[in-house]
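Chain residues, written in single-letter form:
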Amino acid sequence: MKIRTLKRHFVEAFKSMGRNGWMSFASISAVTVTLLLVSVFLAILLNINYIASQIEDDVQIRAYIERTEKPERYDAYKQELEKLGKVKTVEYQSKEEGLDELIESLGDEGEAFSSLKNENPLRDAFIIYTEKPQDTAAVAKEVEKFKFVNKVEYGQGTVEKLFKVTDVARNVGIVLVLGLVFTAMFLISNTIKLTIVTRRREIEIMKLVGATNGFIRWPFFIEGFALGVAGAILPIIVITVGYQAIFDIVNQKLGTVFIELLPVTPLIPQLALLMLLIGGVIGVWGSLTSVRKFLKI
Amino acid sequence: MIEMVDVWKTYPNGVMALNGIDVYIEKGEFVYVVGPSGAGKSTFIKCMYREEKPTQGSIIINGTNLAKVKERQIPRVRRKIGVIFQDFKLLPRLTVYENVAFALEVIEESPKVIRERVMEVLDLVKLKNKARMFPDELSGGEQQRVSIARSIVNHPPVVIADEPTGNLDPETAWEIMEIFKEINARGTTVVMATHNKEIVNTITKRVIAIEGGRIVRDEAKGDYGYED
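One line per chain: the protein sequences are A and B, in this order.
full-length UniProt numbering puts the first sequence at residues 1 to 297.
full-length UniProt numbering puts the second sequence at residues 1 to 228.
Simulated from the structure, these hints should not be mistaken for lab results.
Keep in mind that a hint or two might mislead.
[What the hints assert, rightly or not] Here are the simulated BS3-like cross-link-like pairs (lysine-lysine), alpha carbons at most 30 Å apart as the crow flies:
1. B:Lys205 - A:Lys193
2. B:Lys53 - A:Lys296
3. A:Lys293 - B:Lys181
4. A:Lys296 - B:Lys46
5. A:Lys15 - A:Lys70
6. A:Lys296 - B:Lys70
7. A:Lys2 - B:Lys89
8. A:Lys7 - B:Lys130
9. B:Lys80 - A:Lys296
10. B:Lys70 - A:Lys2
11. A:Lys293 - A:Lys15
12. B:Lys89 - A:Lys7
13. B:Lys130 - A:Lys15
14. B:Lys46 - A:Lys193
15. A:Lys151 - A:Lys95
16. B:Lys46 - B:Lys70
17. A:Lys293 - B:Lys27
18. A:Lys293 - B:Lys68
19. A:Lys7 - B:Lys128
20. A:Lys7 - A:Lys253
21. B:Lys112 - A:Lys15
22. A:Lys7 - B:Lys80
23. B:Lys181 - A:Lys2
24. A:Lys193 - B:Lys70
25. A:Lys161 - A:Lys193
26. A:Lys2 - A:Lys86
27. A:Lys15 - A:Lys83
28. B:Lys112 - A:Lys2
29. B:Lys68 - A:Lys7
30. A:Lys145 - A:Lys95
31. A:Lys296 - A:Lys2
32. B:Lys181 - B:Lys205
33. B:Lys128 - A:Lys15
34. A:Lys70 - A:Lys145
35. B:Lys70 - B:Lys27
36. B:Lys80 - B:Lys181
37. A:Lys141 - A:Lys95
38. B:Lys112 - B:Lys130
39. A:Lys161 - A:Lys253
Quick caveat, the model's predicted, so the values are computed rather than measured.
When you get a sec, could you build the whole thing from the sequences and use the hints?
Encoded structure:
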């Protein structure tokens, strides 16, 4: 294609957007509303996922060692555990360290246990992290079989429930986002279809004077892309400002105790890029599927 | 130049519009296509610029068989055929000049060539002084002249007109016919479907009459042959 022709296509596309002002506005609004919903849901979904991973990553297996075992053998035992499949790391924790950790985690009330330091009731333990948190239960079962292991603890019951909740949250989020994207596609293609119907005559004449389908499609392609991208602008602004605000509130008010949100910097630029992409793709798809019908002359 | 061999056209709804058409039109000929409404005239014309594809038979124009031409090749075929309609089919938002230039922009001609050719054909249809006006500022006759200018601006060897004077008053119709005569005199083949008895009987040319999807009459210097 000649540069001159490409320039003509751009001029035509923008002229047509101006002429069909209200229709362009309607298309942009449709993109804006759906992308706004998509971006909000996506931000929530990604954060749920992030928080869930944080919780999941905290899941560990504690394998308490029989008191009768000699500390000299611990290194060999550790290696045996490491050889199990799906195991990421194995750390040794002496009973003294274990008690310190317990006291610390209980805060002020923990002081009461300080007296136990001389008569430590705990056992030495291996702390095992699995590669995938979901494998915890299976690995725990394997660990239990070793003779030197007295007892295994990994939050039996609770862990399974946790994984169920996080899985459901993820799946619901994905379905919602996909549903919204599809709704957006139909909404936008319908709006664009209306602008194209009014230009049916123009397309017909172009075909009759010997324009190729490609030549006719180009301005529509550009117009669809521009409308989609224009529709992405407001959602990007809203999500940027809104997320920054929510992020600040969560971090200040709730501190870092319970949850931590995804940091603004990689998330928002990525979301913005995605919104531009979705907007552009939907716009192009909408206008090209609509114009296709009128090309059959 | 134009050759139809055993052309049949049946529409999907079962209407049999053309039932075995055989016709040969020489280069530079001027041919009227006449016949009652619904006799297949329009289908005959539409098959010539490949708006309709025949169900059977071959239509060879400028050396290409339109019955076999691939979808992608249709634009190239149409560039060698000028088409004129009863309702002009002008773009209302473009000026006279732009409407004519449109046919050349679409085939990616250079701006220099476009300017020259557009002014040349506007001169031929005597609308040079109205180049900047919009179609709705023109009379019907003038609009039809614009559409004729558009159809011949890339010098097609064939011009096909579907009732070009159908929407015009008699006086204007004669003006339009003068232009067609001029185009034909320059060597362009002209095929014109018409209901205008007076014109056919006065400017005598070859007449093809179609009834019931068949050619019932084909005379070198014919007349209209119907009452109205």
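Query - Ascending list of hint numbers which this structure does not respect - result: 1, 3, 5, 17, 20, 23, 25, 26, 27, 29
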